[in-house]
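Student: Modelling step: build the complete structure from the supplied sequences, incorporating the hints.
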Amino acid sequence: MPWKCPVCGYENDDDALFCIKCGTQKPSMTTQQPPLPTQQPPQPTPTDVQQTPVAQAPPTPVAPPQPTEATPSPPVGQTAPPLNSPAPVPTQQVVTQPPVPQPPTPTVSPVPPTPTSGKYYILFINTPYANLINQKVPLSFDIFPTISVGRSPENVIIIPDPEISRRHAIISLENGELYIEDLNSTNGTYVYDGKIFQPIKGKQKIDPNSIIKLGNQTMIKIIKE
Amino acid sequence: MTISTRVEISHKYSFNSQVRAVFRIIIVPERVTTATGFHYIILLDTSGSMYGVKLDTAKNGAIELLNRIPRGNKITFITFSSSVNVLSEYADAPSLVSQIQEINAGGQTVLYTALGKAVEIAKRYEMPGYIILLTDGQPTDITDITPYERVTLPPGFKVIAFGIGDDYNEQLLKTLADKSGGILNHINDPMEVANALPQAAVTEIGAKNVTVDIISESPVKLLNYPGPPVKLGAVEGVVRILGEITVPPNYTGNLMTVKVNYEDPASGRPDSQVSIIQIIPARDTQTFLSGINNDLLSEYQYYALMNKLSSDLSTNNLTEATRTLQQMQQLAQQTRKIELMETTRRLQQTLETTRRLGNTEQTKKLSKEVSSEVTKKLRS
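Chains as they are written, first to last, in our numbering: chain S, 1 to 225; chain H, 1 to 380.
Incorrect hints may appear among the rest.
Said to hold, decoys possible - With a Cα cut of at most 25 Å, we get these calculated BS3-like pairs of lysine-lysine: (1) S:K201 x S:K221; (2) S:K26 x H:K308; (3) H:K308 x S:K21; (4) S:K26 x H:K221; (5) H:K221 x H:K179; (6) H:K221 x S:K21; (7) H:K308 x H:K364; (8) S:K205 x S:K224; (9) S:K136 x S:K119; (10) H:K365 x H:K308; (11) H:K308 x H:K221; (12) H:K376 x H:K365; (13) H:K377 x S:K21; (14) S:K21 x H:K337; (15) H:K308 x H:K179; (16) H:K365 x H:K377; (17) S:K195 x S:K221; (18) S:K4 x H:K308.
Source of the hints: derived by calculation from the structure; they are not laboratory data.
Tutor: And the structure:
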């Protein structure tokens, strides 16, 4: 998932560990140091970065770096996670594996289940990963109020198709009605109108039995049982 | 002082979290002298696929190359097909013309064996130099790229590779060039070989036996040269070393020290230059942001993506290559460097043509062009 740099505001790709624009570390990896030391106020002058060319210098002219007031950074990953954050693993259904009929424990979801009259499923009509074709994956709205679909692991439903965006679309159930929202995906989301696939712009209501195309190669059917 | 060294870093200040800074070390030859004391090892592919125009122009190119190499250098000339044949070893301006003219094409391509022979000869004489390799096909002795990655080239040796046509393995030649800070030249038309090959002769240099050492307590990673330390046989033109360094939180003091040891090519006297980069903590976010050299960051990112583009194309991933080129275009515009913008535009046009034609041959050709371009841009 792209992340926004808290220092300069630049939107970085999810795999960038440092901001491309300003070089600061990705927030989830950052261990913030206490405010800068007051006993050593910086004096920014044009000569702050001093490059000292020393021609024909003696063999060992340079003192080793002395990181005054700089506390060594603890190893990456020791940053305490935010309190009450749900564990990421139970919030995913990875469709590259056989679909698990039993959803993760309902205690993970902080949101009360939305009342539904039937269960919804996704049926894969076509997709590059052949094992998924004709597979049914439940849309567990009682656990996930909105179900994100995409290629990367943070989604509820992960589809291994290179033409599907990292975060491609969101399917939601609101007042008993199904909606799909395209998340500005590269190759688009489309709904079949009986003749052709019409592109979905933003959030759009869909009916059970709708045929949806994600990118160019994955086609799914929404089924209600 | 025959060279000058300049070190630039992207960040003036440290911050309250770790920062990835990038740097550029530029070595400029200030006074040049005739290049002598180098060992040229020429490896010429004479396999069956070289038969005809390719071999004829390669022979003419090789003769012209030998004429251009200044006196005072040593030359080893090796041909390889089903076996390796050493025409001359560590010779002074050899009169090889008649021997070269008698070369015939035929047989397999034992590139790995020939490279092994070249390395063995290079190590025997302990002199910096160049391995000039010209081939038009896939090796037949060792086809896997991994053993080539493991070849230990002698220090101070640079591989200048010439790949002719559409059938050579560009990833293999690029690997050899990258390992040694060298260049891969893609030659589409065999007729160009006669002109391109003699360009590999180095006539003037600013420094010899150059070692660029980077001393820092923080991790340092180089983008376009192996190391640190970077070992260069010679400084023939402007050398630009790009790298990245992690700045610890609230860091004060000497972040890195760049030490360039070299030999004056005229007098043979050793000399050195030292540049120190110091850094202090930023008072606030605004100060931190104002101290960032965005042009340098963008340029570094551009060259990093150029490397990625080469990998995208070698794996035939045109969709990802298009995305990479779009990012490169944005970065090129940010740097405002016409040269980068022009390179990106040209690559985009070629990629667009490749996508339209959609055949594997065209993709292979593009991959070769880009691999060559990457080695040239990263080390020019």
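Student: Taking the numbered hints from earlier one at a time, note which ones the structure violates and give those numbers from smallest to largest.
Tutor: Every hint satisfied by this model.
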